[in-house]
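A.B. asks: When you get a sec, could you build the whole thing from the sequences and use the hints?
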Amino acid sequence: MNLAAATNESLAEMSNVLVYSSMAVYTLAFLAHIAEWVLGSRSKVGRTAAALTAPAQAPAVRVRQRDGGTAVLDKPKVVTRSAAGARDVPDGPGAAGGDEKGDLYGRIAVSLTTLAFLVEAAGVVARALSVQRAPWGNMYEFSLTFSTVAVGAYLAFLLAGKNVRWMGLLLVTTVLLDLGIATTWLYTDSDQLVPALHSYWLWIHVSTAIFCGAVFYLGAVATLLYLFRDAYENKLAQGGTPGGFARSVLERLPAAATLDKFAYRVNAAVFPLWTFTIIAGAIWAGDAWGRYWGWDAKEVWSFITWVAYAAYLHARATAGWKGRKAAYVALIAFACWLFNYYGVNIFVNSLHSYAGV
Amino acid sequence: MSKTDTTERDMAEAGEQLSTAPVEDLGAGGGPTLGAIGWVRWFWRQLTSMRVALILLFLLSLGAIPGSLIPQNSVDDLKVRSFKEQHDVLAPIYDRLQLFDVYSSVWFSAIYILLFVSLIGCIVPRTWQFTRQLRGRPPAAPKRLTRLPAYTTWRTEAAPEEVRKAALALLGKRRFRAHTTGDAVAAEKGYLREVGNLVFHVALIVMLVAFAVGQLFKSEGGKLIVEGGGFSNTLTQYDDFKSGSLFSTDELAPFSFKLNRFTGTYETGGPQRGTPRTFEADVTYSTGDGVRKKSVIRVNEPLEIDGSKVYLISHGYAPVVTVKDGKGRQVFHGAVPLLPIDNNITSTGVIKVMDGYRDKTGKKVQLGFPAFFVPTYAGKGQGQMFSQFPGLVFPALNLSAYQGDLRVDGGLPQNVYQLDTSKMKPFKDAGGQIFKKTLIPGETMTLPGGAGSITFEKEIKEWASFQISQQPGNGLALAGAVAAIAGLAGSLFIQRRRVWVRAVRGDASTGGLTVVEMAGLGRSESAKLPEELADLAAALHSVAPTAPEADEADERAEK
Ligand code: HEM
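Protein chains in written order, with my numbering: chain A, 1 to 357; chain B, 1001 to 1559.
You can take every hint at face value.
Taking lysine to any residue and the SDA-like style, the derived pairs with C-alpha atoms no more than 20 Å apart in a straight line are:
| # | chain 1 | residue 1 | chain 2 | residue 2 |
| --- | --- | --- | --- | --- |
| 1 | B | Lys1294 | B | Pro1254 |
| 2 | B | Lys1528 | A | Thr258 |
| 3 | A | Lys322 | B | Ala1012 |
| 4 | A | Lys322 | B | Val1052 |
| 5 | B | Lys1294 | B | Gly1230 |
| 6 | B | Lys1528 | A | Pro90 |
| 7 | B | Lys1528 | A | Leu159 |
| 8 | B | Lys1143 | A | Arg81 |
| 9 | A | Lys77 | B | Arg1144 |
| 10 | A | Lys261 | B | Arg1523 |
| 11 | B | Lys1528 | B | Arg1496 |
| 12 | A | Lys77 | B | Val1515 |
| 13 | A | Lys322 | B | Gln1495 |
| 14 | A | Lys322 | B | Gln1017 |
| 15 | A | Lys162 | A | Asp91 |
| 16 | A | Lys261 | B | Ile1494 |
| 17 | B | Lys1528 | A | Arg81 |
| 18 | A | Lys325 | B | Phe1058 |
| 19 | B | Lys1189 | B | Ile1494 |
| 20 | A | Lys325 | B | Leu1059 |
| 21 | B | Lys1165 | B | Val1543 |
These are calculated hints, taken from the structure and not from any lab test.
C.D. replies: As structure tokens, this is what we get:
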């Protein structure tokens, strides 16, 4: 009995060491990203301006031909363009801006992020093992898992060949922030759960909740950058001269349309899962408290978040609400998620009293 | 009409009816001029527009906020009462605005009722429109396919009719709905998206109805039972009871159950010492039709009997005590449930002897013993009466004693766990202090002046409190929820898209070859659309391969 308790304590300690180590590695990744952005600023690319000022052209499709006598019947080439009304702007070249050294640093940053992610994930697992339960019992543990999942999702996008490296710096910065808050203010010793939380619904409901939040976060980052980039493109399209920051930093981001599309896909993909999370929570509440919906603060804010994201999806299908306005709605929706996560636990009295701040 | 105008209209037609979203007429600013009916129609059009639905969604989330910040009657009425005591300026204003009952307030109800009226007003026409679309055919190809989001073209020696025929067959095989109009094949796929979307919106209504039914017909009550005690499901047996406005008591399912034993186990060592491990209530229940069964109720595992659910809510100890009068006659014997006040189950309560006791003069009086109970006592002189551990390791009971009138017959609702000392006098010790003693099991406290005694028996019982609730509509709500998620997934993951294949005999500049053009259009932009088009193009290309360049062909002809 005591022996088991002792191993548990050492596992808990190991978890803390792993978390601190991951913070150190994230810091290195942060520095590498900075180097990537700094070196990338040496190249001056004005592709956006060029695209916006050039006269609109019909897509040039080269008619395929047989070369020589050998018939090469490869696929006809498909050209794409934005839907009617949208700007046709190429994506920026990325943080490295085509600079080779910058690109190298970018790759180093991604490798370091991967390493930090693995270390952090090990920290979460060690924490779980030390208490023999799901590592989602208090806010420290949520914050830990939250950033792990966010980084994991980002790396998964990279692995799938998606163009998401532009968000690396911002992501790593906020992950450091999240971990800093977690280890200083939210830290709680590893501890058991009260019987009310002993349920397989904990695994289902809480894991999906954290996952949704983490991926919504990536969506929110893209939305925020979309707003900046869109303003930049608007200014260019109206013949204005954006400031040096915009020309250096925003120019390297993907086109506003690309960012917007990315944010939409992420949010739309997560929305059904968020719906499921709320329903799973309701079923659990039905089992634990005898009512599946009781307007408890946490329930209210989950509902508000859900309605806000539904409003975002609607806004995108409503004339006059597409684009920037819908983006504001998406940011409000994510703010609701954040408030539900931090605000309700800290400021509001709720049955979900596991907060353990 | 300029050329761009025609192209725009052409494009609009190509994308028409690619969803059943209501058409937005942003231009229509002012109201109608058609009198009452016109106004009604205008109002209805506004209410069922996407914009108003959006605004109502906003209002719904805004309206839900105060309920999470201000105490709610439906959640915790004690907190509401203390809030009212602390804020005598704000409270009446809040009361007037129904801010203590946000979710049943007139204004909150108005928002969601409007939203759901709007939803119904939106679903019905959309369903009609969708069935019409299902019976209709995809629209003809726009004149300038190059304007579409995905486009490809090549020239072939195959005849245009052949290409169209091949395209029709190909698209049909890929489960597009395809038909030939004029010089092009028009095809469409992904109607399930619309089905999913409609299912989702209908499921929202189903869930609302289920919720309303649940609220109106629900019943919910609490009952505290000491080991060995029982409960039968009638109104009088409840400690407290709440029900929906359409509930009638004959809907209470006829069942009863008995608490045989309650078991709580706790971590005994390590940093988690005292943390609860298991809570289990062993019960025997019998249903209306006479079936008797044993079962175990745990915290997350309610017992379901005839549509009612019995939840284990909390637990505590009920020390067994025996009270005797001055003559040694037993006037009370039983287990007295005490309420826990901390995690280690330090408990308080009152042992009340209502009748049977006479003092020395033979006068009937009532006795009250305020009690402190700890399952694990720190030991004499070791701090206060606070339990060190939630399990029964070293139980101790601290008592003082009062005599007089308990005022339980006064008609005032009185908390059984508190002592109203307004008509009672404490027993005093020799020093004039309130008489008080800490007992361990088996010990007896003798009241001063030969007034009798109270014995803390060796047997200590546990009690458990249960919530018995009955809420019809849960199954319907769950079905609605599942349908909502499925519908949502269909609506968000399925692409509704159109593909056109145009094949025409080219003019002299193409050397009389057939020009094939393919283009795709989706409801929302998707990375898949160009991929799919490329795939289709490749398949068609294998039937109608690219012809050699015109001049190349000329060269060959010359040779
Ligand atoms: C009350 C009137 C409502 C109207 C007129 C309406 C209309 C629509 C329409 C036309 C779409 C299809 C948009 C598209 O194809 O992209 C849609 C999608 C959707 N609606 Fe509603 N809806 C209403 C109420 C609601 C409510 C109450 C909710 C839930 C809170 C909701 C949630 C959604 C969601 C999540 C989508 C998917 C968006 C997407 O496909 O991108 N709707 N709604």
